[in-house]
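Chains A and B supply the protein sequences, listed in that same order. Taking numbering that gives the first Met the number 0, the leading residue of the first sequence gets 0, the next gets one more, and so forth. Taking numbering that gives the first Met the number 0, the leading residue of the second sequence gets 0, the next gets one more, and so forth.
Just so you know, the hints here were simulated from the structure itself, not pulled from any lab data. A few of these clues could be false.
[Claimed, not checked] Once the Cα atoms are required to be at most 16 Å apart in a straight line, the calculated EDC-like pairs of lysine to aspartate or glutamate come out as:
#, chain 1, residue 1, chain 2, residue 2
1, A, Lys19, B, Glu391
2, A, Lys18, B, Glu384
3, B, Lys410, B, Asp55
4, A, Lys554, A, Asp630
5, A, Lys19, B, Asp379
6, A, Lys19, B, Asp388
7, B, Lys410, A, Asp51
[As the list claims (entries may be wrong)] Derived list of chain B stretches under chain A, where covered just means 3 residues or more per stretch with a C-beta under 8 Å from a C-beta of chain A:
#, stretch
8, 227-236
9, 400-413
Note that the Cβ used here is the ideal one computed from N, Cα and C, for glycine as well.
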Amino acid sequence: MNSSNITQDIDIVISRSIKKAIANNSIESFRVLSRFINKVLYMNWGQVDTRDFESYILFPASYYINSISQQNSNHNFRNLNNECAKYAISTLKDILSFASYKKISDSEIELQNRYYYIAFRGISQLLYYIIRNKDIENLEIFFEEFRPLFNEFAENRHTYRYNLSILELSNANGQNSNQINSLKKKYETDNKQFIYYKHALTGAKYWVYFLFSEEAIDEKSADEFIGKINIGNYSSEEILKDLIFFQNNAFHYFYWDEWDFMERPNGVIYHPPVPYNWLTFGFVANSIRENNFFLRIDYLDFEDINNAQYLSNKVIEYKEYFKNNFKYWSKILKVGSLMELSERLDKIISQLIQLKREVINAEEKIIANASLNQNKVNDFKQRVIDKWRERANIHKLFTDLSAVSFTNDETAIEGGIKQNSFIQNAKGVFTDNTESIANLGLADVGHAIAKREEESFFYLLSRKKVDYKNNDIISLLEGGVILLKDRSFSPSLIFVPYQYRFQESLLNNLKFKSKKQEAGWTHTNQVFGYYDNLPLYAMPSEFLSSKIIIADFSKAFSLVIHSNESLPDNILSINVRKLSDTEATDRLHNEVERWTYTEDGVTLSDDDAIIKIKNSVLIELKLPVSFQLLDENAFVIGLIEHE
Amino acid sequence: MENSHICKKTVYLNNKMASAFLLNSARKVSDLLGIKNIDSSLRLKAKHYIKHNYRDLHESRSKQLLNFIIDRKNWWVILFFVLFLFFVTPLLNTNLINFIEIKPETAKSIVDQRTANFAAIISMTLVIVGFLINSLALKEPNAYKVLFKYSYFYPIIYFTLCTISCFIILSTIRDNFTSSTFDYFSRSVIAGTYAALLILILIGVLFNRILVFTDSKQIKKIYHEDLINDSKKIIKNSLLISLSEQYYETFMLENKISKFDFLEGLFHYNVSNSQSESADISEMSEDQFNDLIPVQNEIYDINLRKIRKYIELSKKDKSDDLRYKSIKIGDFMGESTYCISPAKAGLNSDREKRILNNSVVFNKNQNKKSSLSNSREYFDSKLEEAVNDNKEKDIESLLESYLAIYELKNKYKV
Chain A
0 MNSSNITQDI DIVISRSIKK AIANNSIESF RVLSRFINKV LYMNWGQVDT RDFESYILFP
60 ASYYINSISQ QNSNHNFRNL NNECAKYAIS TLKDILSFAS YKKISDSEIE LQNRYYYIAF
120 RGISQLLYYI IRNKDIENLE IFFEEFRPLF NEFAENRHTY RYNLSILELS NANGQNSNQI
180 NSLKKKYETD NKQFIYYKHA LTGAKYWVYF LFSEEAIDEK SADEFIGKIN IGNYSSEEIL
240 KDLIFFQNNA FHYFYWDEWD FMERPNGVIY HPPVPYNWLT FGFVANSIRE NNFFLRIDYL
300 DFEDINNAQY LSNKVIEYKE YFKNNFKYWS KILKVGSLME LSERLDKIIS QLIQLKREVI
360 NAEEKIIANA SLNQNKVNDF KQRVIDKWRE RANIHKLFTD LSAVSFTNDE TAIEGGIKQN
420 SFIQNAKGVF TDNTESIANL GLADVGHAIA KREEESFFYL LSRKKVDYKN NDIISLLEGG
480 VILLKDRSFS PSLIFVPYQY RFQESLLNNL KFKSKKQEAG WTHTNQVFGY YDNLPLYAMP
540 SEFLSSKIII ADFSKAFSLV IHSNESLPDN ILSINVRKLS DTEATDRLHN EVERWTYTED
600 GVTLSDDDAI IKIKNSVLIE LKLPVSFQLL DENAFVIGLI EHE
Chain B
0 MENSHICKKT VYLNNKMASA FLLNSARKVS DLLGIKNIDS SLRLKAKHYI KHNYRDLHES
60 RSKQLLNFII DRKNWWVILF FVLFLFFVTP LLNTNLINFI EIKPETAKSI VDQRTANFAA
120 IISMTLVIVG FLINSLALKE PNAYKVLFKY SYFYPIIYFT LCTISCFIIL STIRDNFTSS
180 TFDYFSRSVI AGTYAALLIL ILIGVLFNRI LVFTDSKQIK KIYHEDLIND SKKIIKNSLL
240 ISLSEQYYET FMLENKISKF DFLEGLFHYN VSNSQSESAD ISEMSEDQFN DLIPVQNEIY
300 DINLRKIRKY IELSKKDKSD DLRYKSIKIG DFMGESTYCI SPAKAGLNSD REKRILNNSV
360 VFNKNQNKKS SLSNSREYFD SKLEEAVNDN KEKDIESLLE SYLAIYELKN KYKV
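Only chain A is shown next, with the shape it has when bound in the complex:
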């Protein structure tokens, strides 16, 4: 015996037998078989292996639709059809009642919830067939039968909400938070059946809207169905949360992906309606009809808000559709005029756009009030120092040539070199809830201060008058050296504009010796060669464009460092700080437009704008140095004249 499943294929035999019994119009045979189905369902509820239950729970829906198709071809089947509908509804109801009275231990809850889900899948499938068959009569029976059970669900929910609100009322200092959380969690796991029930009915209701949009159901039936499928009173947040849940799970949830309203055409690529689309459509249509969509954003989780961002765009899309088909929809949506429709839609859209804005705020609120993580700040500081060292060429030149002096007098450095950066939206980088700062390139401020240091030196020189001019670089070099020597200084280096690294007349000159062949030379090295044995520095400074400077360096310039120590390891001071409230308010007043208007055309309130400002960070860098000209005769400046 190869089989390992002793019940293998029994369900297939039963399915064939039921079909046969229905085809034979044999009520008695049908009853016997359907009683058997009930027994198997009871027997298998709670078993670890859910396969049998899963296949049997779909029987009620399947024999219901089977009998309908028989009745459509032959009216003698009326009694059998009634019997099938009655049995289908009562079987599903009985199994749920049976489950609700079954005592289970805590460890079995998860399994029990799985069974509830499967059971509601059967119910959802039956509803789908009832709607497909426009069988309003049996829909009424369905709700009649299920009412006590649904009422019980509602009662449980009521008790839960009552307990929850009591706890929440006395939770001013957060002393009940743990209790609230555990209550919520317990309710969610213990009352999964209620959630499935809500979802199954919501899906069915939204499906009717979709069918109507596809003209697969007439206005009267659609109106009746929508009216009859009463989910209960839920807040807009709960409805929205469900939609978000469907968005993330809908594809195979309740077999919705298999729901269809037409025969599959032959030879054409075709797929049934996508659940996510019709569920969203149904949500919009239902919100217009009910006209009670009022979101309290505080009741939504950050994650929910994040997931709902797309919604406003979707509704804007549907707005056009509903407006264009106003006449067709007016009765179903219960709107008297186009204006009323637009108003209702705008109300929904404005709330959903609000949600979009809230998306930014919910995250920002946390960051705005958070303090900086010192480890992250320190890590950042080290990166900035590394970046500064990488580019601090002029600083290195001064230290290498010992053209450095130290002073205790702070005024001697005239405030030093500063670089203050106000970086918008960067605060998150330094708070606990975000990841690495490595990729954001913020540490490039280190490069910026190095550049500034370099510029301040060349700026100093750019203000000095040009000693001589020529249109040929070689003549300039020759002339400059002679001039400096005439002044009794011996030139020690030459600064040339960056682009002269590639000047052919220079590179081909016999007095030029390239440094590129030397070991250890890289492109970042500023010295690219020697002219007449004087090192040539190519500096990428704006202030040095078209100018060459030949200097007796240590006699001409000095770098004054305000420090007590003779050779400090690091003189760059870095301060990363958040904005104070007053600073934020000041910024808002200075730049009202910048902070209050968003790209989406939403105007932020002052409070929200301040939160946005407070998401920025201030990075203050300071180099306590200044450059001094020791002797103006110790260097010459030559201007390259362009022909």
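Got chain A sorted already, so can you dock chain B onto it with the hints?
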């Protein structure tokens, strides 16, 4: 040339079938008697567990023996028994036979009479059986099948026929007995007489059991029992399979062997091991092609002692880790596939191959049964028939049996 080839092949196949048959029979007998060592046989180990933990599923040894005897295919057991009774017990010269004294002439006439008596009894029995079967409450193929099984028809008829044959032989060779061997002859006749008396009782049992089949309710009850027994066998089998897998994994874990990982295997795959370099492209006949397809056989048992020996040997010889392939009873595996091999080289030495070849026992005589048992198939077809004829009561009783299967399934959680 071709003919001789076919001839050889047929002879080869016949030999193979015969040896497989004998092997299987021997295996059943040894299973029945519990000869094998529980430490070495995975099957026995699993069976032992089932025996002690699922008592309802386990049949007593006498029941197993009875089932073995009443199986139509096991006619040879009865034949051996009768031959033993007629020709071996007289040699034993036991008091059980000796206390009756028979003179040579009497013995000779008894032999002749018995043969005639038996001919009459057999014909009468067959007529009555035929008549009873004719008046069966449910006339359908399955009813006959169950009837023959339930009434012990086959073993009784086999026993009777074998006894007659022995009497005929004795009667034919009676004049060959000399005064020295006459005692042996008379003891054989007495032994045969005992067998004859036993036959009378057995015929009574046969009538009694066949009579049950004139009542349809009783037949249905037997059907139901049959279905439950078949289901229990399937449950037992699936328990055996899952337990064998569990034991096998634990065994490997105890011996610190890791499971074969496909990616790791791919990583260590040595191209030089494959014969791709010397690949020879030529047209292939259908026979050649069929020969290339590895024969997959069902695993009947796994000898853990041999595998342990392999592991010890391998650990001594190589530094390479071993990897095992997950197998269980009932799996299909090629004979040249090894359930355990070194991780890197993936090759076993000839000696190791020999040990491994003997470590997995295959069931070569497996017949391709449908996945459903006969009784289930019968119930399935009966239900549809009953629905077709709108027989609610029949439907109900058939469904009761299905419910019992669901109950069993939930009870044993398989």
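These are the hints, each one checked on the structure:
Under the criterion of a C-alpha separation no larger than 16 Å, the hint pairing lysine 19(A) with glutamate 391(B) is consistent with the structure, at around 13 Å. A threshold of 16 Å between alpha carbons decides the hint, and for lysine 18(A) with glutamate 384(B) the separation of about 13 Å falls inside it, so the pair holds. For the hint pairing lysine 410(B) with aspartate 55(B), the CA-to-CA distance comes to about 11 Å; that is within 16 Å, so the pair holds. With a C-alpha separation of about 7 Å, the suggested pair lysine 554(A) and aspartate 630(A) falls inside the 16 Å cut-off, and the hint holds.
Of the supplied pair hints, the one linking lysine 19(A) and aspartate 379(B) holds, its CA atoms being roughly 14 Å apart against a limit of 16 Å. Using a Cα cut-off of 16 Å, the hinted pair lysine 19(A) and aspartate 388(B) holds, with the two alpha carbons roughly 10 Å apart. For the given pair, lysine 410(B) sits about 14 Å from aspartate 51(A) by alpha-carbon distance, which is consistent with the 16 Å threshold. Under the rule that three or more residues need a Cβ within less than 8 Å of chain A, the assignment of the stretch 227-236 of chain B holds, with 6 such residues.
Counting residues of the stretch 400-413 of chain B whose CB lies closer than 8 Å to any CB of chain A gives 10, which reaches the minimum of 3, so the coverage claim holds.
No hint from the list above goes unmet by this structure.
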